[in-house]
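On the provided structure of chain S, position chain Y as indicated by the hints.
Each chain is listed here by its residues.
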Amino acid sequence: MDQLLQHLLNALILGGTYALLGIGLTLIFGIMRVVNFTHGELYALGAYMVYFFAMVLGVNFFLALVVAVLIGIAVGGLIELVLLRGLRDASIDTTMLVMIGAWIIMQNSEQLAWSGVAKSIVPPFPQEPLVLGPVSVSWTRVFVFVVAALLIVGTHLLIQRTRLGKAMRATFQDRDTAALMGVNINAVYTATFALGSGLAAAAGALLGPVFVVTPTMGNLAALKAFAIVILGGLGNIKGATAGGFILAFAEEIGAGYVSSGYRDAMGFLLIIIVLLFRPTGLFARAERVG
Amino acid sequence: MIDLLRWLWLAFLLSVPIWLGDQYYLHILITTGIFTIAAMSLNLLLGFTGQLSLGHVAFFGIGAYTSALLSLGFDLELAEGYTFVLAPKPVWFAFLCGVLVAGFFGWVIGKISFKVRGAYFVIVTISFAEVVRLVALNWVDLTEGPMALSNIPPFTLAVPGLWEQTLYRKAPNYYLMLAIAILSYLIVRRLVLSRTGRAMIALRENEPLATSVGIDVTRYLVLAAVVSAAMAGAAGGLYAHYVRIVDPDVFLFIYTVTMVIMVITGGKGTLAGPVVGGLFFGILPVLLRTIAEPEAQWIIYGVFMIVIVYFLPDGIVPAVRGWVESLQSGRPTPEPAALTGTAAAERKAD
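Protein sequence lines correspond, in order, to chains S and Y.
For the first sequence, numbering that gives the first Met the number 0 puts the final residue at 289, and the numbers step up evenly by one.
For the second sequence, numbering that gives the first Met the number 0 puts the final residue at 349, and the numbers step up evenly by one.
Treat the hints as calculated values from the structure; they're not laboratory data.
Please note that the accuracy of each hint is not assured.
Derived SDA-like pairs (lysine to any residue); straight-line CA-CA distance at most 20 Å [claimed, not checked]: (1) Y:K114 with S:R162; (2) Y:K169 with Y:L13; (3) Y:K110 with S:F282; (4) Y:K110 with S:I271; (5) Y:K114 with S:A254; (6) Y:K114 with S:V116; (7) Y:K169 with Y:T30; (8) Y:K110 with S:P278; (9) Y:K114 with S:R277; (10) Y:K110 with S:S137; (11) Y:K114 with S:F276; (12) Y:K114 with S:L281.
Label pairs and their computed distance ranges (CB to CB) [to be verified]: (13) Y:N205 with S:R160: 41 to 47 Å; (14) Y:I290 with S:L7: 36 to 42 Å; (15) Y:W8 with S:R87: 39 to 45 Å; (16) Y:L99 with S:L275: 21 to 27 Å.
Here a beta-carbon is modelled for each residue, glycine too, at the ideal position from N, C-alpha and C.
Here chain S stands alone, though its shape is the one from the complex (with noise of 0.2 Å):
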């Protein structure tokens, strides 16, 4: 019982970041319509620029999370306009295409500034555990957790209540017709574009500390962001966080009661299982941006 205990009080707090990272994901998707194949690059970087700042250059743990960060959203915004604005009309597998070829040059540009080498970051919290009863947790994890929290909450109230959000949900139910009723298109496919990845770049630069930051980090990241948001349906944004928690609950009992080698290939199991039986994501009838 206190394994269990365990097991679920660490699929909740690795929920929230996966959830960030989903949302990211869908809210891009559900916009612009692009499947986006560097989100796992931009996880990267971001878990990279907080070793960069907090390691090398010896910043401040938390003003690092934050650089990193803005770093993330200044690469999506420059991604969106270099590479995605000459596309507006492209069709889905030819964006595709792009951001796999963007992709593959992210991931060895990284490999080739960082070296192959596992680095390690060092976050200025205690060492010894967080004791709640049975269960016991790392101040790191709990940080963690909250930053996460908070950024969901901040992206909902974002998209809901200011007038950039109103632009973006516009914006998703009809482009054509949003133009028209002035909305400038062009500034919130980048604002999406810029957000989604400065979400993964803040799921990467929290993860950072927890795991090792590696140049390849980024594959398994986009994979599981790709299973979050099928499981929540493209464009959902309250299905991507469900499917966040959803993925780390399977990762977690699957792991501690199955087999610990195939941790990672539960979510690719979900969405086939999920797929099968409910082909447009566990809650479909909501695909709508909010």
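Structure of chain Y alone, referenced to chain S:
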């Protein structure tokens, strides 16, 4: 004219081991050929039915593992006290089984994943490849996991009772690869130029319309998936018995991406496209090897992919064909519409 060129090209391919003394270059050509077979099989799905399947490497790997395991033999403890033992089988038999098993998985995945389209389809196929990779990595009793299957026996050519040769050397392996590549090309060509192929192209161009004139969409898609998977399995089997070691890295997504780049660059939906793209990206690393590190090579691949999609979206083969036609007619031809362009071109090739 076209026929003459075709025979010259074939003679050239056949003559390569005679004048190419360097075994390293021959090795590059063999692996290039194997990847070209895989690219041709992907083209059947990607080019002719228009489904972007990004899990194609799974079939390549399944073919490689099945063929390797059957030729090596294995024992597997199915239940307490009961062990299933399989004695090593002849390589040809193992190879054919690999093709069949890959085809069977193509059927299963086709049945499952063609329920969805677009982004969903892409992600299901990626997930499938990733699950297979994790199984190969973790089912150590069967696959040896990361320790890899090694000492896989090479192919043997034999006339029963008279003569036998085991293909250790490069040149016979080259001819074997060439034979299977030509066979694969002919199968794709036969399929694409048939009624079935026209049905596939029709549903690529306009699925609702194709359905409305009575084309059974799922049936044709699954058929394409089975043929394509079996062919990729054949490429995998060739690879296993040529390189003679197989590890779970054969399932990496990056190999699917390599095949996709080959098909897109050469020209998806054309018969010659994957061959041109395969040769191009098979030989390019050799040229780049002296001047750039592997990472830089991949960066160049990535740039290529983006540049091709932006400036040559149909690929090299249709571009060259358009250029030759405009030379022949003496005036610039208008961009042919996708359907008429491909169909007309294929008919001309016939």
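TODO: Just tell me: holds or violated, for the beta carbon distance of W8 (chain Y) and R87 (chain S) against 39 to 45 Å?
DONE: holds, 41 Å
Task: Status of the given 41 to 47 Å range, CB of R160 (chain S) versus CB of N205 (chain Y) - done: Check passed, 43 Å falls within 41 to 47 Å.
Task: Distance restraint between K169 (chain Y) and T30 (chain Y), which requires alpha-carbon spacing of 20 Å or less - done: holds, 11 Å
Open item on the list: So if I understand the rule, the pair passes when the alpha-carbon distance is 20 Å or less; does K114 (chain Y) with A254 (chain S) pass?
Closed with: violated, 30 Å
Task: Pair hint outcome, K110 (chain Y) versus F282 (chain S) [Cα-Cα no greater than 20 Å] - done: violated, 23 Å
- [ ] Below or equal to 20 Å on CA atoms is what counts here, so check K114 (chain Y) against V116 (chain S).
- [x] Violated, at about 42 Å.
Task: Hint consistency between K110 (chain Y) and P278 (chain S) [alpha-carbon to alpha-carbon, up to 20 Å] - done: holds, 13 Å
TODO: Below or equal to 20 Å on CA atoms is what counts here, so check K169 (chain Y) against L13 (chain Y).
DONE: holds, 14 Å
Open item on the list: Verify the CB-CB distance for I290 (chain Y) and L7 (chain S) against the hinted window 36 to 42 Å.
Closed with: Taking Cβ atoms as reference, I290 (chain Y) and L7 (chain S) lie about 54 Å apart, which means the hint is violated.
TODO: With a cut-off of 20 Å on the C-alpha distance, tell me whether K114 (chain Y) and R277 (chain S) pass.
DONE: Satisfied, since the Cα-Cα distance of roughly 10 Å is no more than 20 Å.
- [ ] Quickly compare the C-alpha distance for K110 (chain Y) and S137 (chain S) to 20 Å and report which way the hint goes.
- [x] violated, 45 Å
TODO: Would you check the hint for K114 (chain Y) and R162 (chain S), treating anything up to 20 Å between C-alpha atoms as holding?
DONE: violated, 38 Å
Checked against the numbered hints above, the structure violates hints 1, 3, 5, 6, 10 and 14; every other hint is satisfied.
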